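Based on the sequences and whatever the hints tell you, model everything.
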Amino acid sequence: MTQEPDREIVAGEYVLGLLDGAEKEALERRMAGDAKLDAAVARWQARLAPIDATARPIEPSAGLWQRIEGGLDQAAARSPAVASHPALRVRLSQWWDSLWLWRGTALAGIAATLLLAFGLVAALDRARRQPVMVAVLLTETNVAAAVVNTFADGRVELLPLQDIAVPQGRALEIWTLWDRAAGPRSVGLIDRARAVPLRLDNLPLGADQLFEITVEPAAGSPTGRPTGPIVAKGLTARRL
Amino acid sequence: MAVNAAQSQGAGIEQALVACAGGDKNALRRIYDQECPRMIGVAQRMLKRRALAEEAVQDSFILIWRHAGRFDPQRGSGLTWIYAILRNRALSILRDERRMETDESPIAVEAASDEDDPETVMAKLSDAKALRGCLETLPAPRRGMVLLAFVQGLSHGEIAGKLGMPLGTVKSWIRRSLIALRECLG
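These protein sequence lines are chains A and B, in that order.
Just so it is clear: in the first sequence, position 32 is 32 by my numbering, and no numbers are missing.
Just so it is clear: in the second sequence, position 40 is 40 by my numbering, and no numbers are missing.
Calculated from the structure, these hints are not laboratory results.
Take these hints with a grain of salt, some might be off.
As the list claims (entries may be wrong) - With a cut-off of at most 25 Å between alpha-carbon atoms, the simulated DSS-like pairs for lysine-lysine come out as follows:
no., chain 1, residue 1, chain 2, residue 2
1, A, Lys36, A, Lys24
2, B, Lys171, A, Lys36
3, B, Lys162, B, Lys124
4, B, Lys171, B, Lys25
5, B, Lys171, A, Lys24
6, B, Lys124, A, Lys24
7, A, Lys24, B, Lys129
8, B, Lys124, B, Lys48
Claimed, not checked - Covered stretches of chain B (chain A as the covering partner; in silico rule of three or more C-beta atoms under 8 Å from a C-beta of chain A):
no., region
9, 24-37
10, 53-60
11, 75-88
12, 116-125
13, 160-169
14, 173-184
Quick caveat, the model's predicted, so the values are computed rather than measured.
Backbone N, C-alpha and C define an ideal beta-carbon position, used for all residues, glycine too.
So this is what it looks like as structure tokens:
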């Protein structure tokens, strides 16, 4: 139970931007369930708002609106609502009853088994190969939290070296940055520390390229850029 | 007059947020036309670099669009809600993402513009605002700490470093200033 004056002070410190990463996250979680704290934050935001009105307006550069509009479409594409569409559900149930579907599935199953068998041999062969580059991702206290391995065939994988605490409803997002101007790009999202292949697709990959892990909402960063605290980061280096 | 204009602009923002929640991109554009230059100004005071300030504003508009349905007029005005999102985003860039910059110096070491100096900001605060009167009741160094945090986004440690004061003193002075401001502003 927070005392009245303490609640007012911590709410004020939050609005001034003075809480550090962990304190800030903890307060935001508390605000969700504590209406008095949330109201105290809202009061400070309103009290200090006139200070923002003193900022000198700066004309946006050409293209800022276009970049925002592009981001809106991306944001919409991240949450497709097709599964709840009634017409689609009807079509899905018709497929389910189709004999041709099941015959086709059986044949596809046989084909997939054969492909998997070939693929397994190839995968075992690949697994024997050594990584071309390695990045060791260190925490703020310089503890090795994960490694990123890159292979000659273009595969990139993340292997955790220790457990990483992920708050409820959050996930770990993996980012790479090869050019400050292009900004960081998301290459993977995991619910907890586990080995995962990273999707670099056509992104550049070279030595001294930054990889990092941040804590983000469960569906990934809402902006397409890192928004949460950094768990670990490191630069790629070539193997001798 | 000025107060009426500000109030009607505020009401426009709230209507636009409701329209955004309904998927109207033109409503977001109206907010952009009205507030974007001031938003870049606020972000620039914290992030110092123009490119980062625009990045914060770009991210904020995407967040405003996505979360417009969560805006609650009971909790505060639409403008305050928008600037809270912007400040949050700018602070994240300031505190976390600067570590992504492997080849650049930290933002905090960059010199702030004289325009963002606490006493200059004080002079620009509207006389009509109770906040100005209440800030004036604080001794100048304490007022300065509050403004350095809010305007430039400095941390306790950065304020202590800038003013050459012990960290504990900075923390307790800011707390006492908050108590005094709350009593004065109600």
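| request: Check each numbered hint against the structure and report the violated ones by number, ascending. | output: Numbers 4, 6, 7 and 13 - these are the hints that the structure violates, sorted from lowest upward.
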